[in-house]
Amino acid sequence: MTGLEQAAQVTSDYTYVIGEVTAEYLRNLKRTNQGTKIPCNSATRVNNMPPHQNTRRWRRLQVDLPIQLYVRNGNSQIVVPGRATEISEGGMGFCAGIDLNPGDLLEVQFEEPGTRVMGVIRSRAAYSFGLEFLSPLAV
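Its first residue numbered 18, the sequence shown is counted upward by one per residue in the working numbering.
In case anyone wonders, no lab produced these hints; they're calculated from the structure.
The C-beta atom is built at its ideal place from N, Cα and C for all residues, glycine as well.
Hints may contain errors.
Across the chosen pairs, the derived CB separations fall in these ranges [what the hints assert, rightly or not]:
hint, residue 1, residue 2, range
1, G91, E129, 30 to 40 Å
2, R141, Y87, 13 to 23 Å
3, S152, R77, 14 to 24 Å
4, R100, R139, 24 to 34 Å
Construct the complete structure from the given sequences, taking the supplied hints into account.
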């Protein structure tokens, strides 16, 4: 008997007899109309979603660029390295090991051509951030 078979043995009425089942496995189960449980992964949920309409003002480019973030902390300034992951005329996505929140102002310096731009944090997911430039980049 495999580990999964030992963890959950299906009885005749399609209910599970739970052994050592991880919380992750239980979260990935969903009930069908017939009352049986089947694994549900993120691909299943995404495929059932309606198409997303892109409402962005500027085209995004996927990049991998080193950047320096200049963040004011009272009377001092903190310099933190980061990586730009995508960029457009109006903003950029980046990753950095710093605690920033939506609404925070900062300055970003690109290593090439050495340009600095001001921006405001608009979104955050862990250490990935969305930044809106205060004035669009010249292209």
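Of the numbered hints stated previously, which ones are contradicted by the structure, given in increasing order? 4
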